[in-house]
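Chemist: Protein chains in written order, with our numbering: chain W, 5 to 631; chain H, 116 to 406.
No lab work stands behind these hints, which were simulated from the structure alone.
Keep in mind that this is a model prediction, so the values were computed, not measured.
Be aware that one or more of the hints could be misleading.
[Unchecked claim] Within a straight-line C-alpha distance of at most 16 Å, the following computed EDC-like cross-link-like pairs (lysine to aspartate or glutamate) qualify: (1) H/Lys315 - H/Asp287; (2) H/Lys321 - H/Asp280; (3) H/Lys318 - H/Glu249; (4) H/Lys284 - H/Glu320; (5) W/Lys230 - H/Asp127; (6) W/Lys145 - H/Glu117; (7) W/Lys230 - H/Glu117; (8) H/Lys321 - H/Glu243; (9) H/Lys241 - H/Glu325.
[What the hints assert, rightly or not] Covered stretches of chain H (in silico footprint by chain W; criterion: 3 or more residues with CB under 8 Å from a CB of chain W, positions within the stretch not fixed): (10) 132–144; (11) 180–189; (12) 241–251; (13) 323–336; (14) 339–348.
Just so you know, even glycine gets a beta-carbon here, dropped at the ideal spot from N, CA and C.
One-letter residues, chain by chain:
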Amino acid sequence: MDSSTSLETHHDTHHRAAAHEEHKLGWWRTYIFSTDHKMIGIQYGLCGLIFLFFGFSLMMLMRWQLAFPGQALPVIGNALGHLFGPGSMPDGKMTPEFYNSLGAMHGTIMIFLGIVPVAFAAFGNFVVPLQIGAPDMTFPKINAASFWAFGVGGVIMLTSFFVPGGAAKGGWTSYAPLSVVADTGPTFHPFWNGQTLWLFGFVFLITSSLLGAINFITTIIQLRAKGLTWMRLPFFVWTQFVTAFLLVLAFPPLEAAIIMQIMDRVAATSFFMPTGMIVNGAPLHISGGGSPLLWQHLFWFLGHPEVYVLILPAMGITAEILANNSRKPLWGYKSLVFSVLVLGFLSFIVWAHHMWLTGMGSTVSAFFQTTTLLISIPSVIILSAFFISLWGGSIRFNVPMLFATAFLPMFGIGGLTGIPLAFNSADLYLHDTYYVIAHFHYIVAPGTIFALFAGIYYWFPKATGRMMNEFWGKVHFWPSLICMNVIFLPMFLQGMLGMHRRWYDGGQGWNVAGETVWGQTGFQWNTWISSAAWIMGLAQIPFIINFFWSIRHGKKAKENPWDATTLEWTAPSPPPHGNFLSAPVAYRGPYEYSLPGRDVDFTMQSEPIQPTEHVRRTEPEPEPVHA
Amino acid sequence: MEIPYTVNTRPDTGLWNAKVGIWLFLASEVMLFGGLFSAYIFLRLDAEPGMWPHGLLNVPVGTMNTAILIASSVTVVLAWASLKMRRFWAYWWYMLITILCGITFLTVKLVYEWPQKFDHFGAFIKQEALEKYEPYLGNHHLEEKGLAPRREITGHLHNKAALSDPNIKEYDIALDPVNADPTNPANDRPHFLYQPSTDKIAKIEKEDVEYASMFEPRHSAYFASYFTITGLHGLHVLGGVIVFTYFWLPIGSKLYKRNPEHLANRVEVVGLFWHFVDLVWIFVFPLFYLL
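Based on the provided sequences and hints, a complete structural model is requested.
Modeler: As structure tokens, then:
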């Protein structure tokens with residue numbers, strides 16, 4: 005059962021046995037408590053997408069308050085007030101506390117319950133084992149445990165909306181000492197309060213990520229198919245590999261910080277509480293001697309690698325789709341691989357650029373400023389290689405390709421606008437303004453999320469055996485692209501006008517200065533932004549309908565509907581339990597498109613090299629094939 | 116297709132799956148405890164003079180626990196080696212010793228060390244009242260010798276009600292030897308051997324006290340990190356003991372009959388984890404007990 009020889013010689017019987025086994029599993033074991041990587045990937049994907057929409061809905065609510073501060077939200081305002089309890093939206097008007105809850109939970113949910121589960125866990129689980137020709141992840145039960153830990157974490161986060169006082173209000177960064185004193189006092193339950201639940205939810209989310217990441221790395225190291233050497237891995241697998249390392253090494257220090265904040269809240273310790281704290285006019289009865297800066301260091305030690313956790317899988321997805329639809333090999337495969345490795349390494353030594361305003365001292369600032377500028381080099385290499393990959397290709401603009409090509413300029417805008425923030429002198433002005441919001445949303449919203457949509461449209465036929473509708477895909481794409489830009493471009497202007505990112509009234513009070521850009525003050529831009537946000541919400545409806553309708557009624561897809569080259573397209577669509585009918589073997593690199601002297605413009609990795617063939621090789625002969 | 120390399124090694128990596136997995140897990144554990152230890156360093160460097168306690172833990176007991184853990188690391192290797200040599204009963208006995216060592220360690224921690232701390236009291240004196248309690252603190256004596264000042268009076272609290280009752284205006288403390296005789300040169304440095312509180316009683320007025328508590332996590336940054344780190348370490352020890360017990364009981368060890376190599380691999384993986392837990396203690400012991 006555990007040697008590769010049995011894989012080769014008995015694959016037929018194994019497949020029959022596997023199919024039989026699948027037949028035996030009941031509904032619960034197949035769809036709910038599954039250990040199959042494909043089902044777990046789909047579970048992660050569906051849950052993640054639901055959380056993404058939920059997190060987006062929170063923001064759509066906030067956008068009302070920002071555009072029309074203090075006015076009652078029409079139609080649904082009263083109902084929401086009842087749903088979220090007293091203190092949330094009395095008479096449909098949002099309270100400051102509820103606004104803070106929405107802001108904190110929007111960030112938390114989008115990042116940790118939305119994008120990471122979809123980009124890393126869903127695509128990683130579903131695609132990586134298929135792309136490396138593996139039957140499953142190395143540890144299927146741990147894989148299931150990872151999903152269920154994520155589920156528990158998600159439920160705790162959602163529950164926190166409905167406890168007295170509402171969900172956490174300390175921002176997604178949960179800065180101490182505010183986060184330690186928040187949600188405490190006579191009106192709050194010592195355990196069932198927003199901030200404490202946020203912390204406990206996080207413990208589960210971190211556990212989930214750790215289990216998943218360990219599984220991914222082990223799978224990529226151990227279960228690559230015969231002949232699939234490191235330099236023949238699809239770029240997507242490389243990005244997932246580096247992402248998993250980021251999660252394994254960066255999340256535990258945050259877990260340590262979370263444990264300490266739990267101790268601060270539950271056992272009244274002072275890890276993050278300085279001596280002499282005064283709250284509401286009275287000194288706190290605590291020992292003191294802690295450090296708020298310690299929390300920031302530990303948080304951003306995760307927080308910055310986390311940024312690359314969000315973007316690297318998106319780059320991987322984009323790479324696959326660009327190569328496939330430009331019908332050309334990915335340009336500069338090796339430089340892409342080494343860039344992503346350097347990116348992974350550097351992401352661990354840039355974290356303090358989130359903390360320029362804490363007064364760390366000029367030496368520390370100079371160090372982190374240097375590393376932060378260094379990290380733009382591999383990012384630019386990757387983006388340039390993607391653009392060059394398009395050059396001279398006969399591009400097919402199908403829906404996945406539209407999203408993937410949109411990723412490039414959107415990520416470019418997000419990345420380039422980050423450079424002023426890397427300089428601590430420029431950041432003194434821009435810090436905590438809408439400029440920062442615009443910068444990182446350009447990276448994760450029209451950047452990562454577009455790549456996720458691209459990946460969903462691209463791998464949907466592999467998961468379901470049916471294609472998604474092209475027309476409705478385009479109806480989804482164009483309004484989304486336009487709205488994304490109408491939402492986030494004006495935020496750069498607002499930020500440069502000096503609008504603070506956490507203002508509850510949308511800058512109405514600050515607006516007296518009346519400075520205008522293109523005839524609109526910073527506050528007036530909110531109306532445009534909010535309208536675009538709501539239209540973008542509507543623009544997701546074609547996607548949702550398309551997604552569910554296509555599962556049963558889409559055009560039937562064969563094994564390889566996109567004429568792609570990587571190993572996942574040799575498996576049936578959808579792949580059975582155990583994935584491949586026979587153990588795949590890789591004979592060549594991942595992107596052998598448009599080889600000269602062929603009838604078709606793609607040559608799959610599993611196609612043996614003919615003696616007469618002149619190939620673009622990534623590996624020298626002889627084949628490094630193991631027994 | 117079945118998942119390969121669950122027991123045998125993959126030729127080009129030379130590893131079976133779980134071994135890769137456990138090393139990655141240990142890497143994450145290094146970062147977890149690394150985060151906590153760096154917090155310790157951060158807080159200790161930030162501490163004001165006299166605010167980082169010394170010599171409050173029982174060094175001989177800690178040393179004994181260290182020895183127990185190291186011994187269990189040896190026996191778990193012997194258990195694994197016995198499996199490799201296919202000597203099941205030797206494995207069984209070595210594993211039993213390992214489990215007992217783990218349980219002993221936890222028992223000492225939970226039944227003796229922690230409760231003894233919870234029963235101890237300390238009061239940090241306000242800066243302006245330090246002179247008033249000079250007979251218990253001996254700061255003039257320490258200043259002459261160029262040593263760090265004392266700000267805390269420790270001992271056994273007689274009127275525990277004082278902790279919660281605002282009507283009680285003072286703490287009655289049976290002083291620790293260091294506060295009972297603060298100018299004795301023998302007390303200049305922390306004691307390595309535990310000494311019980313003396314019968315000398317001191318009354319400390321609450322209004323002179325900046326902060327007072329039992330030796331609980333809330334007492335100070337020192338005890339906060341001590342209880343958090345040893346608590347998390349204890350959970351790791353408990354986890355190891357549970358898994359060892361599973362492989363020792365028939366439910367886990369019956370795998371030996373079917374695939375002894377598989378059981379050996381499993382014990383190796385948990386053994387690696389156990390060594391790591393041991394290693395963490397090797398850092399905990401000097402940081403909290405000795406330095």
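Chemist: Of all the hints numbered above, which does this structure not satisfy? Sort the numbers upward.
Modeler: 11 and 12
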